[in-house]
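Residue numbers (my numbering), protein chains in the order written: chain F, 1 to 119; chain E, 1 to 295.
Worth flagging that the hints you see were computed from the coordinates, not collected in a lab. As the structure is a computational prediction, the values presented were derived from the model and not from experiment. A hint or two may mislead.
BS3-like cross-link-like pairs, simulated, lysine-lysine; straight-line CA separation at most 25 angstroms [what the hints assert, rightly or not]:
(1) E/K8 / F/K86
(2) F/K117 / F/K105
(3) F/K70 / E/K120
(4) E/K120 / E/K8
(5) F/K56 / E/K8
(6) E/K8 / F/K117
(7) E/K8 / F/K112
Facing chain E, according to a computed beta carbon distance under 8 angstroms, are these residues of chain F, among others [claimed, not checked]:
(8) G48
(9) H59
(10) G69
(11) L111
The beta-carbon is built from N, C-alpha and C at its ideal position, and this holds for glycine as well.
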Amino acid sequence: MSDHLTLSNANELIRIPAESLVYVASEGNYSDIYTRNGEKRTVTIQLGAIEELIHKQFHTDGNLFVRIGKSLIVNMEFVHYINPAKRQIVLSDSHTFKFSLEASKEALRELKNYFEKQL
Amino acid sequence: MSDYNDIKDNEIRIIGNADQPTETLRKPFYRKWWFWVALVGLIALAVANWLLTRNINRKMAATSEVGIVEKESAPIAPTIVQAEPATVLVRDTSVNDVQMRIYTPVNAVPELCIGYPDPKDNTLVLAFQAADIRADNHEILGAFVLKGEMLSRGRSKKGFCAIIDGKIQLGMAESTPLLEEATEKEGYFFRQYPLVLEGKMVENKPKNKALRHALCEWNGSIVTVSSMEKESLHDFAQALADLGVQNAIYLVGADSYGFCRTQSNETSETVFWGEKKNDKMFEKVNFIVWRINEM
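Isolated chain F (complex conformation):
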């Protein structure tokens, strides 16, 4: 079991600690990876492939992450605010970063339910 997400291609290799990975956003055939130090890194890997890597490399620890619709993978540790009506989800560690993202009402409602059930 790894505590890093490792992304590799013919030219480079990237390792991102699970606790540093905030979210991944789809950009077509590319994906933008956002880390808690505020960095954004674009990789030539589709979001589905990154989800598969998270699943395979983190195994059950992967359930730290949630796929939201077609466009987002979010680290649930950093979910700070959800407002389905406004289609808004805010990711923050309440200290160093704050990302405000948009997703569908239905998906956010499901995520809200999920967190409520964890109580």
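Let chain F serve as the given structure and place chain E on it in line with the hints.
Relative to the frame of chain F, chain E by itself:
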């Protein structure tokens, strides 16, 4: 890989759950808008259907003292030609590319019988299987009256044939006083799919193609009609309507057994179709037959 791309924008999926690669949290069906639209639609349809049925039932009740009578033909006496022997006139025709053979029994009266009719019985000139047999209990499907005795009940098929005082009446009804009359007057009664009612084709559920037979009221006479090729029930019924048949119900089709005896001068010829089946399921196999009129 395709599993990981299989997600909709209104869904979420917790990554890394045990057995499955991922778990999609889909909304329960009762929380989806289309469920409620469909539910409201179904309720509206049910209410409309109930109102419509109630109105029809009220109208029908006004015309009949016994149950719901929809339509039935006037009683039709057998075709009698004086000084001619009992026989069956056979003619072929084609409507809408449906090849058909029309059998007109002459100087013969109809009745029902249980079991395979004996072709050696020279009083019989025409025989067709009448009511269907249920596959589950091998009983006759739908109401069946044999010489006044009710052998089977039920109305799974709306079409009916009543034979009272040797006259045939065809019709389509959930219930009909002719059933009771058949029991009172030692008549006969069976049910089948309605095919034509007052000159208009009646749609039925079976969609497969098979050899088809029908009992028809045509030009004021009772005839039976067989398709020469396998046809859908729809095409066969439409061809009957286009032929000018006023009323018709189905007779058992496919490889059902039957025969017809034609007479010309001193010679007679018997033509058979279908096959006899001897297994237990066909103990209640039943026929409409025409027998020489001895009146």
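Evaluated hints:
Annotation: proposed proximity of E/K8 to F/K86 holds, straight-line Cα distance about 19 angstroms (limit 25 angstroms). Proximity of F/K117 to F/K105 is assessed by CA-CA distance (about 18 angstroms); at most 25 angstroms being required, the pair is judged to hold. Distance hint between F/K70 and E/K120 is unfulfilled; the C-alpha atoms sit about 78 angstroms from each other, more than 25 angstroms. The suggested pairing of E/K120 with E/K8 is violated, with an alpha-carbon distance near 73 angstroms, which exceeds 25 angstroms.
Between the alpha carbons of F/K56 and E/K8 the distance comes to roughly 22 angstroms, so the proposed pair stays at or under 25 angstroms and holds. Our distance criterion of 25 angstroms between C-alpha atoms is met by E/K8 and F/K117, whose separation comes to about 22 angstroms. Proposed proximity of E/K8 and F/K112 is supported: the alpha carbons are some 17 angstroms apart, at most 25 angstroms. The interface hint given for F/G48 holds, since its Cβ lies 4 angstroms from the closest Cβ of chain E, which is under the 8 angstroms cut-off.
The interface hint given for F/H59 holds, since its Cβ lies 6 angstroms from the closest Cβ of chain E, which is under the 8 angstroms cut-off. Because the beta carbon of F/G69 sits about 4 angstroms from the nearest beta carbon in chain E, less than 8 angstroms, this interface hint is met. Here the hint on F/L111 is kept, as its CB sits about 5 angstroms from the closest CB of chain E, short of 8 angstroms.
Against the hints set out earlier in the document, violations occur for numbers 3, 4.
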